[in-house]
Amino acid sequence: MAEVLLFGGLWVVLSGLAEYALHPMATHFYIFTASNTAVDGQKAAAFIFMVALPVFIFVVLMLIYAPIRFRAKRGETGDSKVQRKHSKAFVLAWFSVSLVVNVFMFVHPTASAVEGYFNSIPLGSKSTAPDGQQPLEVDVVARQWEWVYSIPEYGLTQTVNADGNDTLYLPVGREIKFVLRSYDQSHYYDPQAYVIHSFWIPAFGIKTDVIPGLTRYEYVTPTVISSTQQNQMVRVQCAEVCGPGHPWMETNLHIVSPADFASWVKAQQKLEASS
Amino acid sequence: MSTVPAFETPTGTNTGLSKGILAPMLRGVLWAAVGFLALNTLVTLVHPNVVHSFVTQVSATFGWIGALVGWMFAMGAWDAVIRPSFGFAANWTERATGWRKYFEYSTDHKVIGIQYLIFSLGGFLLAGLAAMFMRLQLMVDHMWFYQFPNAYLTTVGIHGTVMMFSFGTVIMVGGLGNYFIPMMIGSNKSAFPRLSGLSVWFLPFGYMTVIMSPLLGAWTTGWRGYQPLASQDGNGIIFYYLGVFAMLLSSLIVALNLTSTIIFNRAPGLRWSRLPMFAWGMLTVSILNIIWVPEILMTFILGLLAHIVPLPFFTAVGSPLTYLELFWLFGHPEVYIVVVPAFAMWQEIIPVMSRKSLFARQWGIMGLIFVMLLSGMVWAHHMFPTMQNKEILPFSFFTEMISIPTGFSYLAILGTLWNSKMRLNTPSILVLMSMFNFLIGGLTGLFLADPAVNFQIHDTFFVVGHFHYTIIGGMLFTFMAAMYYWLPKLSGRMYNDKWGMIGAVWVFLAFNATFIQFFIVGLRGMNRWVPVYPQYLQTMNFEISIFAFLLGAGFLYNVIYVIWVWNRGSVVNAENPWNGKTLEWYTASPTIGDNFKETPRVVGGFYDYGDDVPKHVVLEG
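Residue numbers (the working numbering), protein chains in the order written: chain A, 3 to 277; chain E, 1134 to 1754.
Only chain E is shown next, with the shape it has when bound in the complex (with noise of 0.2 angstroms):
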């Protein structure tokens, strides 16, 4: 075990691609454009182009592949994986310090992880502005700070697409998934090491050509890209099915990559019955994307083909309603992908910080196993004022049941917590903070659930108030807790608890005062994909929007903080600050290289406490 390097010795001569004069990253951008243009004008030559533009919606789609692999090459498939291909020796060196090695092509699973929590916060930057061009618009009731409703509808579309397909579904699995899955479990690599290291790059690809997708013209679905509204939206979907493509196939690879890890990987003791809650989280969220990420992928192309050919899938003469159940097919599994990795982390943070060992630990694991299950199985209650009775009611039913798995996850929370000896800091606060906000997103699912009741919510503000509480409530205050837990792992500082708390407050304050007057304002009528609205909504929303601009104020806070922690931070005393029982605590701090020099040999449970509990791990040379 010992022996496996965490990444790859580099091989040949410094001469290939990754040794030019310029930064991979500017390279690749001009690779991307280089590629775009050739395509590009080859199909606008060959096309029947009957409006003689340059860029029409075939030569778009065309030139954004030769972009994607002018880009894909450029930051690595060329020297790591086609020149091997043909015989060719591999040709890349990867740094081991520096901030330059998280702009380029890495093997090791360490800078990966951080690659993608770097990618991924930009991602979240950029589509956190578009939320607050959004709640400036909502200040007042007619049109000002857009012009166009088109505009307007077209952020919509970004802020959500971005938000869901870049951070969402990324940052915990990608990003922690990646960093953290093969230390929990004792290993020095992941399964697929130079596979994983491309599968970062088509993140930042896919959102920014979500982002540049008003280039080509608007388009008003928001983020379900749903037809047949799409339709008639300008060439601007294409670079949202594209972009989407290109996201979730960043996902899809993490799934794979992780997957094989968690099975193959594995310390000698770390039997499945020991397996981390973080790794089991990831695990189950993995599988999630196997099964489900494919579904949407074929639907997207679906989508393009109904755009460009064009072929009536969805239109009047096709089947309308059959682009919105295939996205809901995915789209009700792609919630639970955010989330779940939050229930594992609630579950790995609190018995740590609680010094008390994780209750009914079998429940949780079960708790995760059939919210992955269930979630295949609801998706129609997205849909249900175009249902019927008979259609309704069993989608109704598993709904309501699959809160009986997700309380598994309060039930072992709550357990642990009682008689506990907690210590109360930023990442446990903010654990806390989470199943606060959560529970108030699950149980107001109770009343989406109910067909009657839903007749009136649906499409409302109650409903996004409702995914708001569990995205933002649940996961990235879980991601945030995760991030002041992990912080004196990633960069050995330690930041001041006293700032963490601030920052914590402050987002849960203001958290809770935007997003609990969703709920009021959707039952007073607000009603959803509207840049303008009835007047006497006006006061409430101009207030909420305050409130909004407080909260994006408070993450800007916290993501300063915390980089400023990492680079700046007072460096930390102990190498496990928590006293963490898991095997990621049992590296140096930061870890450089290889995890673990010598094998962890796991003999006992990592959520056992108490003072006569013996040692679980045992290093072997």
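So here's chain A without its partners, still in its complex pose (with noise of 0.2 angstroms):
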């Protein structure tokens, strides 16, 4: 028994020091938040590394406390005293809390945050949408290998910078419904240059497959104005396997003020009027 809390006491202290240790790493998950569903993704990965950490410690400090504590002395032959097959309060609560902790994983955060996630109205989202504004449609066209995108309120139909590349701009706080197609205008009368992509911005924490045939919709409000240039992990790439173009299928991103976003429309316009 005096065994048993020896080891439970320094489970105890080491889930805490790693607890405390590790906080930093588990609220920082995600490496670099741009938008709401990146937030709530980096608050379900923490909630999951917190939980799973004490869980682990368990395991690991077992794996090694009880070889090096129970070892056979050098030399020592013949059978352990102790030859337990069972014990009811182990199995029981090994079963008990694993069963716990699964389902309230399931709970929270799964079932509660992947709500949100395809819902027009994502969860949080309330303190950064300003009243009363429609979300702004951004169409994004998947092909082989190339993101195009089109803003149909202020009729863009492609979206380029000073080099001609395709690029794009959101507005911060502005809730955007990106509508995903996989299709080819420039192959139109080829199925099977139809292939499957995947829309990832890393900073906004989600993918959405794009996928031949169907529309699909993914809704984010940006929170933070950034850029490709400031950090990386704010681009467009391409996550899905898509032919040997795949690494290069990525663009660069700006999430700006409105007022900035309004004068890249109005250049976007004067530049689409004049070619």
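Please keep in mind that the hints were generated in silico from the structure rather than gathered at the bench.
We treat Cβ as the ideally placed atom computed from N, Cα and C, and that holds for glycine.
There may be inaccurate statements among the hints.
[What the hints assert, rightly or not] Taking lysine-lysine pairs in the DSS-like style, the calculated list, with each CA pair at most 25 angstroms apart, reads: (1) E/Lys-1554 / A/Lys-75; (2) E/Lys-1748 / A/Lys-83; (3) A/Lys-75 / A/Lys-179; (4) A/Lys-83 / E/Lys-1730; (5) E/Lys-1631 / A/Lys-87; (6) A/Lys-90 / E/Lys-1554; (7) A/Lys-87 / E/Lys-1554; (8) A/Lys-75 / E/Lys-1631.
[Unchecked claim] Okay, the calculated bits of chain A under chain E, using three or more residues with CB under 8 angstroms as the criterion: (9) 42 to 49; (10) 157 to 169; (11) 207 to 221.
[Claimed, not checked] To give a feel for the contact side, a few chain A residues facing chain E, derived at Cβ under 8 angstroms: (12) Arg-73; (13) Val-84; (14) His-88; (15) Ala-91; (16) Val-197; (17) His-248.
Starting from the two chains in their separate frames, assemble the complex, guided by the hints.
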């Protein structure tokens, strides 16, 4: 019994220390969060991290403690003096804890967080979305190997930067409705030209596969002004292998203030009118 | 029982194919070439061939079938199966000794087991080399080792495919299972020795097909061979479908044979309640194979037809997600096919090394069975970013629940360790290391099971880290433990524990240093399937590669050391150096010919320790 208490005490102390020491790691699991979805995901990840940590400490401590504490001394032979094949208390506790932890994790964060992800009004977005404003629709077309953005609200059909590369600006604080399609306007006659892509912005903490024949939606509210130049996590990246051009299927992304966004829209409109 | 011989007595005269001038495998390669040329030429002649090339996707498919028939006939099918089917005498001889018996047809389960070990190890080394090439490319953020991304992606595909289907799925089941299961249940032979003797030859044929696939053209899909992307791939994808088909056919036959052996060939007194844990592992994994392998074989046929006919099953005019659904329906049970033998092996080695009765044995068995059952209900978590909320939640639920039966293996081991008399040596340390690694693999799975977090880390190096922790960390470390545990049994020779321990610590440190960084680099934004990546990730990738090379060298060290001990190590003093209780320790080390001269009668449990435990096996004349 003293042995069990010693082990239990060690476990509690080490778990406490680990929870304290690794808390910064748990709360920065996403490295950089620039949207409400990333903040939600980060909260879920931190929760899982903090719950899983004592389990990790328990098993690892046991894997180290028991073999060393109960090792056979040099030259010692024969079987162990204690031959206990079952312990109602230990088995019952193990089973109950693993069941409760798993069910609990399913209810929170899984079931509760995922609700918000497919909802047009994401959880926690009240503070950032101005009242009564409709989401800004951004149509995204994925083809091999390019992301094409159009913003129907402002009549923009393909937004590009000064070099003619696809690029996307988003206003901070306004909800964005991404409409995602896998379609190739240059090869519309060839069904083999359409493959699965995945629309991923690392700083938004969310990716959605873009599937030929389906129109899919993703709702995100950017919360931080940033850009690919400032932080590489702020980029659009294809995450599902889509052929040899897959690693280059990325575009720069700029999250800007509403005023800067308006002037960018004007510049784009002027650019499209001139071409 | 003791009257059943270990292998069939040779019959007929030695004039058949098996007594030709060439060594059997060389002859097999020759007949494979003849078969390929014959059918390829025939199809090229009759096929309305618009490109006027000698090898087309259709002719290569038929040529491959010709090659398979030629190879299998030369490797024993002709002498042992076809001739007797038509009433002629079977016509082959089996050597009892010498290394040549491992490279020709045999019906002895021990020879077949070692054949599987040899060819599976060959697959491991080739696929490991592919991994080293990948890490070379990833040391720098732009193309340098490879000139074209296609070549890199083909290497990724070959690495994953050959590792999973010729090593992960095979070495503990086809290799250790074939060798030890008949011994552990007190039999001299397996249920279907002739079929089993053939099955092993599908394996090298299958992975050589995959490795030669670049000859027909690059393929970019990774180990999934997935449509609709595969519809654009070069003809190399045909050799992916066909090669994996052959490798899985081999595993399917092993599963049928082991299941029948465990059901029908048990020694007297070896009741289900006394079945060894490793046999439970082999039984559950074989049932998984029997359920899911036919499903993926069918899918590969659809994928093949979609490519060569072509039938638009999976393109935009078909159903683009269906192939992925079908693949992962098999793909998730597949990873448990890889790792369930490891759970069973922990429970085999730890009681022996800790001199203590296996704790909560019935929970350990239930763990294996419920993992087997639940593994077919979680596949869609591989596809969360393609799904809707209402579809995700049930799969997320089962994914989290499967950790409960998985935990029972930990429950049994940790309970056994407590108050034991632990012998810390290479096999037991490797089991503990494996449990540590698999724990990280399992706990990182909690993040992946949560949809919100999954949307961030899906398709990043976080996932790559997660499954390498479960498969290398869980299965490969346990396989190494099993090899060091059974080496005196397999070879009759004992290794030096110091040199074994160096090998164990080396791979443990290099493995963790490599793959723990996969999680971090994934969280920092490193996506999968890329030969080039943003510059800010280069420093970390560079050092990951350095540790990966150290890991590769560590595996090589262990392979070389085990082979050296097998041939040159010091002969064992005791037949049963660990004082193991399962029946394989009641045979000679190494066993040649019959396992048991006298029939063992089991009268007690294999996992009951203690000074007052009565003898559990009686040998009867």
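Hints versus structure:
Proposed proximity of E/Lys-1554 and A/Lys-75 is supported: the alpha carbons are some 8 angstroms apart, at most 25 angstroms. For the hint pairing E/Lys-1748 with A/Lys-83, the CA-to-CA distance comes to about 18 angstroms; that is within 25 angstroms, so the pair holds. Among the hinted pairs, A/Lys-75 with A/Lys-179 is inconsistent with the structure: their alpha-carbon atoms are about 67 angstroms apart, more than 25 angstroms. Restraint check for A/Lys-83 and E/Lys-1730: the C-alpha separation of about 35 angstroms exceeds 25 angstroms, so the hint is violated.
With a C-alpha separation of about 32 angstroms, the suggested pair E/Lys-1631 and A/Lys-87 falls outside the 25 angstroms cut-off, and the hint is violated. Restraint check for A/Lys-90 and E/Lys-1554: satisfied, since their Cα atoms lie roughly 22 angstroms apart, inside the 25 angstroms limit. Distance restraint check for A/Lys-87 and E/Lys-1554: the Cα-Cα separation of roughly 15 angstroms lies within the 25 angstroms cut-off, and the hinted pair is therefore satisfied. A C-alpha spacing of about 17 angstroms is found between A/Lys-75 and E/Lys-1631, which places the hinted pair at or below 25 angstroms, so the restraint holds.
Coverage of the region 42 to 49 of chain A by chain E holds in this model, with 4 residues showing a Cβ closer than 8 angstroms to a Cβ of that chain against a need of three. Residue count for the region 157 to 169 of chain A with a Cβ under 8 angstroms from a Cβ of chain E: 0. That is fewer than the three needed, and the coverage hint is violated. Restraint check on the region 207 to 221 of chain A versus chain E: 8 residues with Cβ-Cβ distances below 8 angstroms, three needed, restraint holds. Given the 8 angstroms rule on beta carbons, the hint for A/Arg-73 holds: about 5 angstroms separates it from the nearest Cβ of chain E.
The beta carbon of A/Val-84 is positioned within 8 angstroms of a beta carbon in chain E (closest approach about 4 angstroms), and the interface hint is therefore held. For the restraint placing A/His-88 at the interface with chain E, the shortest Cβ-Cβ distance is roughly 6 angstroms, inside the 8 angstroms limit, so the hint holds. Interface restraint check: A/Ala-91 against chain E, minimum CB-CB distance 11 angstroms, threshold 8 angstroms, status violated. Hint on A/Val-197 holds. Least Cβ distance to chain E is approximately 5 angstroms, under the 8 angstroms limit.
Because the beta carbon of A/His-248 sits about 6 angstroms from the nearest beta carbon in chain E, less than 8 angstroms, this interface hint is met.
Checked against the numbered hints above, the structure violates hints 3, 4, 5, 10 and 15; every other hint is satisfied.
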